[in-house]
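The sequence shown: position 159 = 176 (our numbering), numbered continuously.
Just so you know, these hints were derived from the structure itself, not from any lab. Note that this is a predicted model, so its numbers are computed, not measured. We put the beta carbon where it would ideally sit given N, CA and C, even for glycine. Wrong hints could be hidden among the right ones.
Unchecked claim - 25 Å max Cα-Cα, derived SDA-like pairs, lysine to any residue:
hint, residue 1, residue 2
1, K127, T57
2, K100, V143
3, K178, Y85
4, K127, N155
5, K159, E99
6, K130, G104
7, K159, E108
8, K89, E56
9, K146, E170
10, K163, G104
11, K120, S168
12, K127, I68
13, K127, H70
14, K130, I175
15, K163, T106
16, K127, K159
17, K120, K178
18, K146, K198
19, K163, I113
20, K159, K89
21, K198, S168
As the list claims (entries may be wrong) - What follows is a list of derived Cβ distance ranges for each label pair:
hint, residue 1, residue 2, range
22, L174, N116, 47 to 53 Å
23, A199, G117, 24 to 30 Å
24, G117, G184, 52 to 58 Å
25, L214, E177, 18 to 24 Å
26, E99, F148, 51 to 57 Å
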Amino acid sequence: MKRLFIVFLTIATALLFAGCGTVNKPGATEPLEYEIVEETDSLPQDISGIIEHLKIHRGYFVFTPQDYDTGKDIYLLISSGEKPTGGYTIEVDSLIVQNGALKITVEERKPAKEDLVIQVLTYPFVVVKIFDSYENYNIINKENIKFEEISSESIPLIIEKSGKYVGQIDNNFIEIEVDGKAMSFMISQEFSPFLELLNTGDNILFSYYENANGQLEITNLNNT
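All chains, please: the whole structure from these sequences, using the hints.
Pasting the structure below:
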């Protein structure tokens, strides 16, 4: 009788602990650490240049450490695509891990009819920094409209070259001598502090790509 009681007690205890265990319910969500990148100037320069090209497309793109110089971090570009005027915005509303997939909900806003906005093409986008990779990404807006992944074929070919700095043509272009030929390159304002340190004839290493307007645009610039 005593032996039967011990067996019963052991089984009951096991059932009790089993009932207290963590149950993975279908659709359960997990918290996730992430950051919103406020300034693309803080990103690796090659990524910053690629974003300028990809932002014309509506969708998302994942920059992984395996393919880009991101250290251990992963960056997600989420873009609303080309808009006819200013006043359009996109912001992250929520970000969760659900069933092993990363789900991001964004809020897209457009200007009200009475708003005064600049009459130029704009490209609203947001960049999210995360610290783990996922096989699946589900990105939607609050109207449940899905963002498709932007094809890697949309990424411009980045070319690395060495040359001699000739000088600044204007606020947007510089001239570099490459293989004995003077060439003009478009350059963003983020490089202004570096340009101030350059002298005519300095040897430099740089990366560039051909943008949508057929201009050669600098993505990286260093002294040799």
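* Run the structure past the numbered hints and jot down the numbers of the failing ones, going up. => Of the numbered hints given earlier, those the structure breaks are 14, 17, 18, 20, 21, 22, 23 and 26, listed in rising order.
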